[in-house]
Amino acid sequence: MIKVRDMTVAYSGSPIFTNLSITFEPGKITGIIGPNGAGKSTMIKGLLGLIHKQGGEITLHDKPVSKQLKNIAYVEQRAALDLTFPINVFDTVMTGTYPNLGLFNIPGTKEKEATSQALADVNLSEFSQRQIGELSGGQLQRVFVARAIVQKADVIILDEPFVGIDMKSEAEIMSILKRWQAEGKTIIVVHHDLNKVTKYFDNLVIINRGIVASGTTTEVFTKENITKAFSGDLSTILFSDKEPENA
Amino acid sequence: MRSIGLFIDGLMQYNFLQTALITSILVGIMSGIIGSFIILRGMSLMGDAISHAVLPGVAVAYILGINLLVGASIFGILASLLIGLVTMKSKLKNDTAIGIVFSAFFALGFILISLAESATNLHHILFGNVLAVSDSDLVTTAIVLAVVLIFVVTFYKELLITSFDNTFAKAYGLKTQVMHYSLMLVLTLVTVTALQTVGIILIVAMLITPAATAYLLTNRLSHMMIVAAIFSVISSVIGLYLSFTFNWASGPAIVLTAAIFFSVAFLFSPKQGIIFKKKIS
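First to last, the sequence lines map onto chains W and C. Residue numbers for the first sequence follow the working numbering, beginning at 1 and rising by one. Residue numbers for the second sequence follow the working numbering, beginning at 248 and rising by one.
These are calculated hints, taken from the structure and not from any lab test. Keep in mind that a hint or two might mislead.
[Said to hold, decoys possible] In the DSS-like style, the derived pairs of lysine-lysine whose C-alpha atoms are separated by at most 27 angstroms in a straight line are:
(1) Lys-70/W / Lys-422/C
(2) Lys-110/W / Lys-338/C
(3) Lys-336/C / Lys-152/W
(4) Lys-340/C / Lys-110/W
(5) Lys-422/C / Lys-67/W
(6) Lys-110/W / Lys-422/C
(7) Lys-422/C / Lys-112/W
(8) Lys-422/C / Lys-63/W
[Stated by the list, open to error] To give an idea of the chain C side of the interface with chain W (calculated C-beta under 7 angstroms), a few residues:
(9) Lys-336
(10) Lys-340
(11) Ala-344
(12) Gly-346
(13) Ile-408
(14) Phe-411
(15) Asn-413
(16) Lys-417
(17) Tyr-419
(18) Thr-465
(19) Asn-466
(20) Leu-468
(21) Met-471
Remember, it's a predicted structure, so these values are computed and weren't measured experimentally. All C-beta atoms, glycine included, are put in the ideal place defined by N, C-alpha and C.
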């Protein structure tokens, strides 16, 4: 279980959110949704200590998260990487073993086997020697999911994993998330496509510069909450023909 | 080709030429390896900056009679810290911070060197004079190469991940700042050693040109470093030969040779060469 208490993050004086508190449960896939600029990625980065926080306490298994960061696998938004880097698919996935290896140790047989297995799990075994720039967007996203597999972390955080990828990749990633869920891991997904929210997530957090609502998806994904966080127009479109399904 | 025979005769005969050859090879290996990380991290300008910023350190070391490496390392690290500070604490972008700091350091070094004129030769520091390398310089060069190899072998995994995906490295708790400044320190050591063969002004070429050539030809970091080191060594040896034969400054001779190798790779690289690309499209 990962707990965020009273987290405040501000960029050059203006706060993105103030005293944000939220709990993520193990064995659940939790979606985070909110309009552009709502602070979704900022919340994740604050949680991971990637950006400066003005305040807040984050714990994993009731101990400070900063001491156990290797127990969180983070799948960043894809766009941020240099895809011309001289590295192939296999070696990219194997970097997921680095957090647990620590300094001075190099990946051995065990790590290489885990890497091969993870590549098989995401159906990319045949691409293992490809340079990463030669993959499609969906394949690339599966590479980073495979890297999260080999990290063997209790918490997995994915930032917009389904943006710009093919249906097959999306389904395969989703099946890995379900597997993690069955293993009792805590899975957090920043998401933007409101259509698949009820299908994908057990729990849902709606944010807009602070928590608008959080709880089980059925409780939270309502016309009222979407209106509050996004706009009335959007919620009317979303809920007009789906009312019976969500009720 | 008689001149090659003369060069080889010279190698047999003159101790200074043997020292120069070995120094060129050692410097070639280390600059190819560290240069690979410099270009992959998008720090070519930083490499240029650090190499210029060691000048006051060289001057101070001459004036005080202390080891060149000590003086240069202090100023090299000081410059990279200052660049980091200006970038973090102001609205300026990194390249501007680099430009301000390194030109100021270089200017300071220039003035200090002219104060110490009698002890040293500015032209040699700026453009390199590998034929004047002493045996003790050679020992220092060998030690620096050992440090570079130990550093890269020990922290290969950390260097790879911070170069490739720094956010991931930070997210799992790696001290990425420590890696950055360690690399800057090693870069400074390489710079001071490369100063003998190519001189301060052209060190950046030794760091990035062979590494860039290798980048066009390889798909794995370990291969890139090896290929970069090989190009760097070949360029250094050919440059030394040209320098000895035609009495050119060693720095420009080495750097031009490296640039010719790059041009060939740029045109004909099987994967990224512009000629080959045209054919398939």
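To see whether the hints hold, each was checked on the structure:
1. Lys-70/W / Lys-422/C: holds (13 angstroms)
2. Lys-110/W / Lys-338/C: violated (47 angstroms)
3. Lys-336/C / Lys-152/W: violated (38 angstroms)
4. Lys-340/C / Lys-110/W: violated (43 angstroms)
5. Lys-422/C / Lys-67/W: OK: Lys-422/C and Lys-67/W at ~13 angstroms, within 27 angstroms.
6. Lys-110/W / Lys-422/C: With a Cα-Cα distance of about 25 angstroms, the restraint between Lys-110/W and Lys-422/C holds, given a limit of 27 angstroms.
7. Lys-422/C / Lys-112/W: Judged against 27 angstroms, a Cα distance of about 25 angstroms means the pair holds.
8. Lys-422/C / Lys-63/W: Measuring from Cα to Cα gives roughly 20 angstroms; hence the hint holds.
9. Lys-336: violated (13 angstroms)
10. Lys-340: For Lys-340/C, the interface hint is violated, since the closest Cβ of chain W sits about 16 angstroms away, which is over 7 angstroms.
11. Ala-344: With a minimum Cβ separation of about 18 angstroms from chain W (threshold 7 angstroms), the hint on Ala-344/C is violated.
12. Gly-346: violated (23 angstroms)
13. Ile-408: holds (5 angstroms)
14. Phe-411: With a minimum Cβ separation of about 5 angstroms from chain W (threshold 7 angstroms), the hint on Phe-411/C holds.
15. Asn-413: At about 9 angstroms, which exceeds the 7 angstroms cut-off, the nearest Cβ of chain W leaves the hint on Asn-413/C violated.
16. Lys-417: holds (6 angstroms)
17. Tyr-419: With Cβ-Cβ at 4 angstroms, under 7 angstroms, it holds.
18. Thr-465: holds (6 angstroms)
19. Asn-466: holds (5 angstroms)
20. Leu-468: Result: holds, 5 angstroms to nearest chain W Cβ.
21. Met-471: holds (5 angstroms)
Checked against the numbered hints listed earlier, the structure breaks hints 2, 3, 4, 9, 10, 11, 12 and 15; every other hint is satisfied.
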